[in-house]
Structure formats: C-alpha cells, structure tokens
Amino acid sequence: MNELRRRFQPEQIRELVLIGLILALVLFFSTQIENYLHPRTFTRISTSVAVVAIVAVGQTLVILTRNIDLSVGSIVGFTAYVTGTILAANNDLHPSLVIGMAVAMGAAMGALNGVLVAYGRVPAIIVTLGTLAIYRTLLVEFSGAKSVLTSELPRWLVNLPPTNAFRIGAIDIRLLFLIALVVVIVFQFIVTYMAWGRRLYAIGSNPEAARVAGFPAQRIVFTAFLLSGALAGLAGFVFLARFGNITVVAGQGIELKSVAAAVVGGVNINGGIGSPFGAFLGALLIDVIDNSLIRWLAISEFWRDALLGLMILLAVATDTIVMNRLRKAWVRHELQTSTSGFSVEQGGARHAT
Amino acid sequence: MRHRAAFLQRWEGLLVVLLAVTVVYNALNAPGYMTLGNWINLFQLSIEKIIVALIMTFIIINAEIDLSVASVMGLSACTAGFLYANGTPMEWAVVAALLVGVAAGLFNSFWIGVVGLPSLVVTLSGLIGYRGLAYVLLEDRSIGGFPQWFNRLGQQPLLGPFPLALIIFFVLLVFAIIILQYSGFGRYVYVIGNNREVARYSGVHVRRTKMILFVTSSTIAALAGILYAARLGAVRGDMAMGFELDIITMVLLGGVSIFGGSGSMWGVLLSVLIILNLRNGMGLANLSGHVQTGVIGVLLILSVLVPNVAGTIQAALKRYRAQRMETGSA
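From first to last, the protein sequence lines stand for chains P and H. When we follow the working numbering, the leftmost residue of the first sequence carries the number -6, and every step to the right adds one. When we follow the working numbering, the leftmost residue of the second sequence carries the number 178, and every step to the right adds one.
Among the clues, some could well be false.
Claimed, not checked - Footprint (simulated), chain P over chain H, 3 or more residues, beta carbon under 8 Å:
| id | segment |
| --- | --- |
| 1 | 293 to 301 |
| 2 | 309 to 316 |
| 3 | 372 to 380 |
| 4 | 459 to 469 |
If you're looking for bench data, these hints aren't it; they were derived computationally from the structure. Just so it is clear, CB atoms sit at the ideal spot from N, CA and C, and this is done for glycine as well.
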C-alpha cells in the first residue's frame, strides 16, 4: 500500500480508472455489437475524436487557471470556414501555410479573449460568452450565406482524413489523429515539466498567492487564452479536412463538448487540478459512447446526450467525493511519514505563535 | 461599499441613457413605434426568455449559475407534446410538463445543495442531459395540432390587449422585485452571494436558499417552455436551444455581477428593455439577427470593461497627482 502511494498520485489513479472504464466499455460493446472489435471501429473513433481532443487540450489550459473559454466553438467554425474559403479560391497554397494561417487566426481571436480577461479584468465567462456571439457574427457576415464545398477544395486536403501516418498491426493511425496525439503529448509535457505550465496550476489553485509570489499572472492567463484560441484554430483546420462541406453553423456546440471532455477527464472546474492527457481521455470516453450508441440496437441513439449529461455529473461527483478522500489520505500519509523529520520545525512554529 | 453603490448607479445611469437613445431613434424611424400594440409585440417576441431572466437574476446574485434553463424549457415542452400525442388530455399534459420542471429542479438542487457540486458543472450536465431527454421523447419528430384553447393562450390577447405570457411576466416581475429587494429572503440571496461562509456562520440557511432557487428556476423554465410551445403551436427536440446565453446576457448586462452579491432587478428590467428596443431598432436599420446578437455580445463585454478601464484610469490619475504633489512639496 505504501509502495502504491509512493508510486501513484491520486490524479494518476484517476487516469488509470478512466482508461479502465474506456476498456470496459469497449469490451461491453463488443459483446453487443457485431464486428465491433474491428480495426475500422478504432479508425472511426480516432478520426472523430481528433477535433474535440485538440480543443479540449486548450480548454484545459484555460480551466487550469480558473477561467473558462466558451468561444472555442465559434473559433473552430470561423477558422474552418475562412481557411476553406481562401483555399477554395487558391487551390495551390502550400499545406503548411494553410495550417499556419488557421492557427494564427485562432491565436488572434484567443489573444483578444486573453487581453480582455487578463488585462481588462472582465470575467472569462462574460468575455467568452460575448466573443462566442461576436466571432459567429463575423463569420456569418463574412460568408454572405454561402458554404464551403468539398468539390472546391484541393485534392491533398480532401485526401487527408483517410491518410495513414503509420500502422500498428492491423490498426491504422490516421494523420489527423496523430496531430491530436502530438498536441496532447506536447502540452502534457509543458504542464508537467515546464515552469510556465506549473504556474498554470499555481494560479488556478490560489490566484492571490500566485500574485503575491510574484508570478506574472496576467501574462500567463493571457497566454493560456492565446493557446486555447490557437489550438481551436488548428482544430478548425482538422474540422475542415474532416468534413469538407463547411456551413456558417460549423463548430457550434464544441465549446460545451470541450468543457465536458475536460471535466469528465478530471479537470477541476475551479482550476488547479487536471491535465491535458486526462482531458484527452475524457474526449475519448465520450466519443466511444457516442460512436457505439449509434451502432447499438438495444437503445435508441437519441439517448446519447441524456447519457452524456449523466456521465459528466457522475464524473464530477466521484471527483469531489472520492478524489477528495484520496487526496486527504495521501496528505495524511505524507504528514505521518514526515512527522519525525519536521518535528523541530513544527515545534518552532508553535513557539512562534 | 459606498464605492460599489456609486459604480452601480453609474452603470444603471448609462443604461437609462442607452435606452432613451434607442427609444428616440426607433420612434423617429418607425411610425407606429410608440403604440401599445407594438410594445406588446416587442415583449411577446422574447417573452419566454424574459420570464426566465427574472429567476436567473436571483441565481446569479446568489453567486451561482443555471445553464440548464433552456434545456428544461425544451424538455417540458416536449413532455407536453409527447403526452398529448399519446392521448393525454392537454390539461394534464401541461401539469405533467410543469412537474417535469419541478423534478429537474430537485435533481439539480440535490447535486448542488446536498452533494455540494459547483452549479456550473451540474447545470452544464443538465444543459446536455435534459436536452438529451427531450430528444429521447420526440427523436426527430415535430408535434403540433394542439387544442384550440392552448394555441389561443399563446397567440391571442387574454385580458384587454395583453396575452397570457405577458400577464404572467408582469405578475412574476412584481413578485420578483418585492422578494429580491424588499424581503428577508432577498437579503439572504445577496448575503450568500457576497460571502457564502459569512452567511453560513451568521445562521443563514445557505443550502436551503440555494435549493429553493434552483427548484424555482427549473419550474419557471418549464412554465416558459409551455408558453413557448403555445406561442409556436408545435414542439420539437431542439426547441429553445441556446436560449440560456441570451438569458444570462440579459441579467449580466443589467449590472448583476457574475461573482454574485450585487445587482438589482431594476437593472435587469432596464437591460431587458434595452435589448428588446435595440433589436427592434437594428431590425429597422436592416441589420440581420446575427449582427444583432453580435452587437449585444459587444455590449455585454463593454458593460464590464468600461467601468474597469475607467477605474484603472482614475486610479492612475490619482497616483500621478499624488506624485506631483509630493515632488511639488519636496
């Protein structure tokens, strides 16, 4: 037990539970749906999870700082549409330029959110509720009620979704899924090992203390929003590649899905707890359920959202009840093992009071 | 404390000016604008949202949020439609739909009040889940053909020129103003919103107050959903989708702080009038619905940004003057 405590933190146990839950669900559905354990199922789920997973990573960065970004759905739609329109007019643009453009567009919109929240001191929920409407309005105005059509897009983009990055056995790892995986790994690394990433946690757990400790809190929150926007822009590109036909309502509702993925993945809505990898697992779990319910004949696929709502609630309830106990147990244990070492300091502290 | 009161007055003052400008603009540009019929029509077009905004004001002042209201509206309307389509008399279908609202409210307040989860997450899951239940009931069908009396309640004037929904709104408005601004319960709502811990230690029933608010919120949302169904004459799974954002915008634009503890029903009433008239004016100026939503989004951000920036500039000026005084005296 002690060995176990030393090896794992409560957050990691939570991630293991999520992985176990996903595996259990896959096993369950494989007994219910014919041909479920086919490589095609993996391909289907992995391509459809890519967009939400990328957005959920950005959402996690923002939620870690005790903020929220409700504008990401509009940013995804805006970048997908505008990139698609530009690409339709100039079919020979270089792919890297196209991706760079989508990311830059998203980053600019994220930066506006960040300036208003960090420097204008307007609560994030108000700013992003406002920009959710504003960015969508800009898109509708820009579009003039037209849509992007797959037939106008260059071949490389249309062929992108079925393109394989590599194969493991019979399982295809699609390029779009690989992009999402790279995003998750890079940001998991950043929040675990880099000073900027650790400061996100510090600000989210106690903004006042982080400020007193001299962290450039405003700049960090600004950057979190900027990155959330940039990732939403990247997701907009993936969205464009995946669907091809883009209307002005593209991406609507992704803001809620990304928050749901983060929360199911163990990101605490009050900041300071959670990780991009957890959010990715959350997105995956939601997508496995979504994709499997459509094929499961026992109940109607319309149960999807009702179940999703219940799932978010249960995830948060277990997080609050079980995780708090676990964390307390860990802290207690650490105190016990370190009492002898720190008794002098404790005595000193008592003396001082 | 006095500082905050002064700021609030200033914001409400700004709202009055804005309202006056839009009303004058509309009156000059549209003949027949200042008629009772037009004003009733203005209200009628978003009456369901306005009704829910009343209870949302309580909840946000209480430092909570209810994102599930629009889904509860959809669920209650779909429940009524589903039961009616399956042979239940409309009267009982309406009662059942209201009970669904009460049940949703009890469910929300169990997780918020008893388990102690943040309302943002609970009602986010409600936003998705209740909408999901509405889809479970109606799938992708649409149900209409309600009895004459039901449609008439939604579409025809009931008392003089006033339709039922408008009468309900005015009655609820009077109650809301009395309860929030002039009753003990209203003071509790503010106290809890200002500082939950202090309220608890002062013997305020924090949980009970929150639970009452969330049950009331879903019940009123269910009522609004039924009124919406009566006005449209048909129900669908995606009814009232996205209304929560409009409703919250109405409340926040009225100067209610998202952190709770401040704001008033008067401010929200002003902001409702402004949004209605602004949309009407923009419609007269040939701006599309999407542009109107965008403008209201800008207004929402400015409503907090402008006082903040003004405060920062004032503080900077004060520092600058103090510095000059110091160097001058030295």
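We went through each hint and held it up to the structure:
Counting residues of the segment 293 to 301 of chain H whose CB lies closer than 8 Å to any CB of chain P gives 7, so the stated coverage by that chain holds, three being the minimum. Beta-carbon proximity to chain P at under 8 Å applies to 5 residues in the segment 309 to 316 of chain H; the threshold of 3 is reached and the given coverage holds. Residues of the segment 372 to 380 of chain H lying with their CB closer than 8 Å to a CB of chain P number 0, which falls below the three-residue condition for coverage. Check result for the segment 459 to 469 of chain H against chain P: holds, 3 residues qualifying (beta carbon to beta carbon below 8 Å, three or more required).
In this structure, the one hint that does not hold is number 3.
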